[in-house]
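> Okay, here's what each chain looks like letter by letter:
2 protein chains.
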Amino acid sequence: MKKSSSKNKKINIVEVGPRDGLQNEKKFLDVDTRVEFARRLTLTGIKTIEVGAFVSPQKVPQMADSKEVLERILKIFDPKKINFPVLVPNEHGMQDAIEAGAREVAIFTACSEKFNQANINCSIEESFERFKPVLNLAKKNKIRVRGYLSTAFYCPYEGKMSPKKAIELSKRLLKLGCYEVSIGDTLGAATPNEVSDVLKGLKKEIGAGKIAMHFHDTRGTALANILRSFELGVRTFDSSLGGLGGCPYAPGAQGNVSTEDVVYMFHGMGLQTGIDLQKLIEVSQWMTSKMDKVLATRVGKAGLPKS
Amino acid sequence: MKKSSSKNKKINIVEVGPRDGLQNEKKFLDVDTRVEFARRLTLTGIKTIEVGAFVSPQKVPQMADSKEVLERILKIFDPKKINFPVLVPNEHGMQDAIEAGAREVAIFTACSEKFNQANINCSIEESFERFKPVLNLAKKNKIRVRGYLSTAFYCPYEGKMSPKKAIELSKRLLKLGCYEVSIGDTLGAATPNEVSDVLKGLKKEIGAGKIAMHFHDTRGTALANILRSFELGVRTFDSSLGGLGGCPYAPGAQGNVSTEDVVYMFHGMGLQTGIDLQKLIEVSQWMTSKMDKVLATRVGKAGLPKS
Chain A
1 MKKSSSKNKK
11 INIVEVGPRD
21 GLQNEKKFLD
31 VDTRVEFARR
41 LTLTGIKTIE
51 VGAFVSPQKV
61 PQMADSKEVL
71 ERILKIFDPK
81 KINFPVLVPN
91 EHGMQDAIEA
101 GAREVAIFTA
111 CSEKFNQANI
121 NCSIEESFER
131 FKPVLNLAKK
141 NKIRVRGYLS
151 TAFYCPYEGK
161 MSPKKAIELS
171 KRLLKLGCYE
181 VSIGDTLGAA
191 TPNEVSDVLK
201 GLKKEIGAGK
211 IAMHFHDTRG
221 TALANILRSF
231 ELGVRTFDSS
241 LGGLGGCPYA
251 PGAQGNVSTE
261 DVVYMFHGMG
271 LQTGIDLQKL
281 IEVSQWMTSK
291 MDKVLATRVG
301 KAGLPKS
Chain B
1 MKKSSSKNKK
11 INIVEVGPRD
21 GLQNEKKFLD
31 VDTRVEFARR
41 LTLTGIKTIE
51 VGAFVSPQKV
61 PQMADSKEVL
71 ERILKIFDPK
81 KINFPVLVPN
91 EHGMQDAIEA
101 GAREVAIFTA
111 CSEKFNQANI
121 NCSIEESFER
131 FKPVLNLAKK
141 NKIRVRGYLS
151 TAFYCPYEGK
161 MSPKKAIELS
171 KRLLKLGCYE
181 VSIGDTLGAA
191 TPNEVSDVLK
201 GLKKEIGAGK
211 IAMHFHDTRG
221 TALANILRSF
231 ELGVRTFDSS
241 LGGLGGCPYA
251 PGAQGNVSTE
261 DVVYMFHGMG
271 LQTGIDLQKL
281 IEVSQWMTSK
291 MDKVLATRVG
301 KAGLPKS
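Just so you know, the protein sequences line up as chains A and B, in that order.
Numbering (my numbering) for the first sequence: 1 to 307.
Numbering (my numbering) for the second sequence: 1 to 307.
The shape of chain A in the complex, shown without the other chains (with noise of 0.2 Å):
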C-alpha cells in the first residue's frame, strides 16, 4: 500500500510523531492520549503511523506500554488499511510485537559507530547481528521490515560522514529483508548538495523505490532537502505532526520536520499526498493542547492562505 515509484506524483507520508516525535519530548502522554492522537491521525487520511517503540521503559519513559497502545489501536482498525509500524530494537521487542499482532516493524542502526554506541550501545557490526533473529522472525510471521539509518549526513561525535557509509549499509539493510531504507539525518544538519551526493549513489545502487528520507529540521534546512531529495526521484518521507521531538544534540531546537509543512509543500507543488491538510492542522491544535507548548509547525501556527 506504501509502494513508492519515481515516476509518479503520489507523495508517501510516514507520520512518526507518536514514536520518533514523543520519545523525544520531555512531556509524557499516557496510552489513551497516544491512542487517540493515532485514531485523529487515521482521519487524516494519512495510511501509515509509527505508534510505539518495543524498548525499554527504563531508557525511553515515553514509549512505556507500546504493546498496549499497539493493542488497542489494532482492535480499532484494520492494518491492510492503515499500517501501524512499530520500533524493535532486538528479538525481545519483535516477539513483543509480534504478540501484538504487529504487521510492520522497523529496525535501527547509524552510519556512525560512536553514535550507535552511544544510542544502542553496540557497534552497527552488532546491530546487524542483533536483526538477525528479527528478520528470521518476521519472515516467518509475514511481517514487513522496514530499516532506519541515522546519522547518514552528520554525527554529533564524528562530524560529516562519508555518503559512501549510508549507501553500503543501506545496501545491507535491504539485503538483510528490509522492503525500505530510511536514510536519517538524525542532527538536521544536512543541506541539498549533501543530499545529493548520498542519494545520487543510492539511487544507482538500489533505486529510488526502495528510498525513504527522514529529516529534522533542526537548523531549517528540511523543507530543502525534501525537494532535493524528490528531485532525485524520492517519493517516500518521514514526518512528525507538529514536529513533535526535539533534538538531544542541541537543547530547544527543532527535530523532526512538521508533517503539516511538509504537506502544505506538496499540495502547493500540485502532488498528492492523500492526506487533508485542514484536518491534519485540527490535530495539531488538539496535539498542542496535550502537550502544553506551541509545537514546531509553522502551517499549524499559520494555517492556509487564501486560495
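It cannot be assumed that every hint is accurate.
[Unchecked claim] Straight-line Cα separation of at most 30 Å, DSSO-like style, residue types lysine-lysine; simulated pairs:
# : chain 1 : residue 1 : chain 2 : residue 2
1 : A       : K171      : A       : K200
2 : B       : K175      : A       : K203
3 : A       : K67       : A       : K140
4 : B       : K114      : A       : K306
5 : B       : K81       : A       : K59
6 : A       : K203      : B       : K306
[Stated by the list, open to error] Computed Cβ-Cβ distance ranges for the label pairs, DEER-style:
#  : chain 1 : residue 1 : chain 2 : residue 2 : range
7  : B       : K10       : A       : K164      : 22 to 32 Å
8  : A       : E126      : B       : K306      : 23 to 33 Å
9  : B       : A118      : A       : S56       : 52 to 62 Å
10 : A       : I76       : B       : Y157      : 38 to 48 Å
11 : B       : K142      : A       : K164      : 52 to 62 Å
[Stated by the list, open to error] Derived contacts from chain B toward chain A, CB cut-off under 7 Å, selection only:
#  : residue
12 : L223
13 : M265
14 : A302
15 : P305
16 : K306
Just so you know, these hints were derived from the structure itself, not from any lab.
Ideal Cβ positions, reconstructed from N, Cα and C, are used throughout, including at glycine.
Chain A is fixed; fit chain B onto it per the hints.
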C-alpha cells in the same frame, strides 16, 4: 558590488532585518540600538544592509528617525564598501534620503490592487506615478534604485496571484530605472513549483541577474523556495537576521526568512556568501537580548554542527 550572475557561485544576501524585520516587530528599538545593530551586521561580512524607511512615523513608528540612523551609519562606514539602502515611498521621502546621504533607495509596489490599497492607499498605477519623481531625483543624484514587488504569489485579499502580474510589473520597474527587482512572497505561502512559474517567465523577459527573491517563512517553505530559485539562476536573496519581522496576516507566525538559515544552507552547498556564519549567530544572540523574545531562526538556536 552586488551584481549577480546566474553562472557564478557567489550568493548576494540583502539583509533586511533592520528595516523589513523591525518594522513588523512590536518592540521598538531606539536610534542607538538600530545603529549598533547595523554596525554589528557589518562585522559579519554582509555587504548590503537595509537600514530604514523614510515613511510616516505615525504609520510605522518602528522606523521613526530613520534619517538619523542612516546619517550616523554613513559617518562610520563608506557606502562604496557597504551598501545601506533605505525605503522611500514618495518624492518627500526621497528628498530626505538624499539629504541623509543615501546612495541606494528602494521603492515598493504590489502585484495585488487590493493589497496596494490596504498597504499604501493607492492603486498600482498610482504607485508608478509616485515613483517617477523619485526616479528623476535618483538619476540626478546618481542614487541606485531597487524595486520591491509584494504579493507576487499570494495576496491576503485576492488569494493566489497570476505569475503574469509579477512579470509585467517587474519589467515596468526595470524600465523605470530600477537596477533590480525583489520579488516578494509577502504571505510566506509560495511553494517551489509556484516559484518556478513566476521565475521561468521572468528569466525569459529580464534575465536572472536582475531578479532578487524575497521569501517569508510563514509556512516553512522559504528555504525550499530559495533552493528552487537558485536552481533557476537567481543569486540574490533578501533575508532578515533572526527571522525578524512577523506576518501581519497570521499573528504569531513568522515573517522574513532568517539570514542565518539561508547562509547555513548555501555554505553547506559549497557556495560563497562572504558572510561569517559564526559571527552572524553572535549578532543573532545579541539581538535576542534586545528583542526580549526567542528569534525565529533555526540555525541561531541550534548553532553549527560538528564539521
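> List in ascending order the numbers of the hints, as given earlier, that are violated by the structure.
As far as the earlier hints go, 2 and 5 are violated by this structure, in ascending order.
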